[in-house]
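Just need the whole structure built from these sequences, with the hints factored in.
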Amino acid sequence: MRAGGIALNAAAAAVLVVMIFPVYWMFATAFKPAAEIQAETPSLWPAHPTLEHFAAAVGADGFWTFWRNSLAVTGAAVLLALAVSLLSAFAVARMRWRGRGAFIVMVFAAQMAPWEALLVPMFIIARDTELLDSLAMLTGVYFMITLPFTIVTLRGFLAAIPVEVEEAALVDGCTRPAAFRRVVFPLLAPGLMATSLFGFITAWNEFAFVNVLIIKDQDKRTLPVWLSSFRDVFGTDWGATMAAATLFALPVLLVFLFLQRRVGAGMITGAVKG
Amino acid sequence: MALILDGVHVRQRGESWLDDINLELPDGMTTLIGPVAAGKTTLMRVAAGLLPPTEGRVVVDGKDVTSISVRKRSVAFVYQQFINYPSLTVYENIASPLRLEPSFPKEGIDRRVREVAELMGIGDLLRRRPAELSGGQQQRTAIARALARPADVLLLDEPLANLDYKLREQLRADLKSMFADSPGTVLYSTADPAEALTFAAPTVVLGEGRVRHVGDPAEMYDRPPTLAVAATLSDPPLNLLPGVVRDGRIECLGASFPAPGAHASGLRVVLGVRPHQVALEPDGLEGLAFPAEIRLAEVTGSVTFLHLLLAGGRHLVAELPGARLFTPGEPATVHVDPAHVLVFDDNDGGLLARSAAEADLHG
Chain U
1 MRAGGIALNA AAAAVLVVMI FPVYWMFATA FKPAAEIQAE TPSLWPAHPT
51 LEHFAAAVGA DGFWTFWRNS LAVTGAAVLL ALAVSLLSAF AVARMRWRGR
101 GAFIVMVFAA QMAPWEALLV PMFIIARDTE LLDSLAMLTG VYFMITLPFT
151 IVTLRGFLAA IPVEVEEAAL VDGCTRPAAF RRVVFPLLAP GLMATSLFGF
201 ITAWNEFAFV NVLIIKDQDK RTLPVWLSSF RDVFGTDWGA TMAAATLFAL
251 PVLLVFLFLQ RRVGAGMITG AVKG
Chain E
1001 MALILDGVHV RQRGESWLDD INLELPDGMT TLIGPVAAGK TTLMRVAAGL
1051 LPPTEGRVVV DGKDVTSISV RKRSVAFVYQ QFINYPSLTV YENIASPLRL
1101 EPSFPKEGID RRVREVAELM GIGDLLRRRP AELSGGQQQR TAIARALARP
1151 ADVLLLDEPL ANLDYKLREQ LRADLKSMFA DSPGTVLYST ADPAEALTFA
1201 APTVVLGEGR VRHVGDPAEM YDRPPTLAVA ATLSDPPLNL LPGVVRDGRI
1251 ECLGASFPAP GAHASGLRVV LGVRPHQVAL EPDGLEGLAF PAEIRLAEVT
1301 GSVTFLHLLL AGGRHLVAEL PGARLFTPGE PATVHVDPAH VLVFDDNDGG
1351 LLARSAAEAD LHG
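As given, the protein sequences belong to chains U and E, one line each in that order.
Mapped onto the numbering used here, the consecutive letters of the first sequence carry residue numbers 1 to 274.
Mapped onto the numbering used here, the consecutive letters of the second sequence carry residue numbers 1001 to 1363.
Calculated from the structure, these hints are not laboratory results.
As the structure is a prediction and not an experimental result, all values here were calculated from the model.
For every residue, glycine included, the Cβ atom is placed at its ideal position computed from N, Cα and C.
Treat the hints with caution; some may be incorrect.
[Said to hold, decoys possible] Where chain E lies over chain U, by a calculated footprint (3+ residues, C-beta under 8 angstroms): (1) 162-168; (2) 171-184.
[Said to hold, decoys possible] Stretch-level coverage of chain E by chain U, calculated; a stretch enters the list once three of its residues show a Cβ under 8 angstroms from a Cβ in chain U: (3) 1165-1177; (4) 1295-1301.
Put into structure tokens, the structure is as follows:
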């Protein structure tokens, strides 16, 4: 291997270690007994692995409620965003209509606005429409946050599929929806996977809006907020905190592992040659 | 089962794409030839039902189908780009139109797919996906899909244009026999005169959205009725030289020859000379001779294209047999036999006569 290759590989390894280490530390700490966590000399891996912290986290008050809330809000927001963005992307990529250019600019602008700037307006809207402490409001907010990105991404995937492929299906005798389902949808699958993955990560990890929109009804909180209050629940039980954090990170990891092969394959294989 | 285009106009964003197209295409093959942007693809899309005409009717087998959507018509379409369903195998691509045809017996699908694939020479590729095929194989798959279901109208829009020339020549040789069994009208569009001449089918010349001429391609090549038709059917391009009729002779860049027929003195004409009719040796002919300067020699192997500069900055290309070496900048004398000169009226582009010699012969 040439010197340049070695340097590049070393750089890649360094980046990997820096990125992975905090995650590994969370994971390792979750399995260490309390004595090991508090030890003067930290150890790189658990000498006596234990599951007691996981038991504590799962047994903690409201764990399953918050888990269910997170899953419901995230899932609903992602599905909603996919359905709406698929139709919008189709309209933008395939149809000619007045205001199409303005619409695209608007979507991009919406994507650029920092979410934090919307915290106060969203709070006021929720308060005035009596939607504070409501999971529906939270779902709506996550839907709104993920929508611009999903539209832009899916539009790109759709635009890469030649119209002629769809036309060919019409010539073969398909109806327009059937042509979309039979021909376009399989080609779009990697795009749908990529966007749903992004939407899932965004909504699952979101903290600021839950914190502002769920104020009185503590049973409506989601996992990130619950995790931030974990220290109060357990005192300074780092083991249980890390176990809860691991359980919180797990779904994202599973979703990613499930989708990444399709996403990766979709990015590499060209749909059409010529 | 004739396909009729009756007074078809297509206008888009204030521009005329097709202008009063009136064609009656019988069963069997018809070639549609025209330069780039002549309106070939637009005409094909109107004929298929993929583009509604702004004005006019499309009639198939005596039935007005103008307002019938493409999926309810019996058409097949092959694109210039190799269009197949990327997610389906070659087998499923070819089977697709058959599965969607309710009247086609389910148990006959497998036999038909294999039959068409054999015909197109892709019988051993049925389990591959389009991305795993070469360009030529992809286009063979697309043509197989179009041939699988017998259609009233089969449209092929420059199907060989994106292939490299060897594959193109190979597929061109195969194509004509493949369409022989097609029951309906086959319309094949191309910009390549060699394809029109090889297929030897009735040929429609299209230019600037209008039908320029309809006829037999060899006849049109031999006696092009207009300059536009001659230019469309000439590859390499026709050499054009200015001329003028004076006292029964045509004068051109200092040389002259007897004018074909009687024409008023002062009539401006355009002389069309095919590159292979230009020689550097007089060959004992009382031909036209022009002093020239050699600019560039392109050797393709079997022929040499010699680019020459004539008096008055006129450019002329000679196609000479064999690989020959020339030195740029050297003088040369160009000989053209008037018998092979096409004389067009400069005003309307119409052919005056094949040549003086021929006029003498027949006159």
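Status of the hints after comparison with the structure:
With a cut-off of 8 angstroms between beta carbons, the region 162-168 of chain U has 5 residues touching chain E; three or more are needed, and the interface restraint holds. Coverage of the region 171-184 of chain U by chain E holds [criterion: at least 3 residues with CB-CB distance below 8 angstroms; count 7]. Residue count for the region 1165-1177 of chain E with a Cβ under 8 angstroms from a Cβ of chain U: 0. That is fewer than the three needed, and the coverage hint is violated. For the region 1295-1301 of chain E, the assignment as covered by chain U is violated, since 0 residues bring a beta-carbon within under 8 angstroms of that chain's beta-carbons and 3 are needed.
Hint compliance for this structure: hints 3, 4 are not met, and every other hint is.
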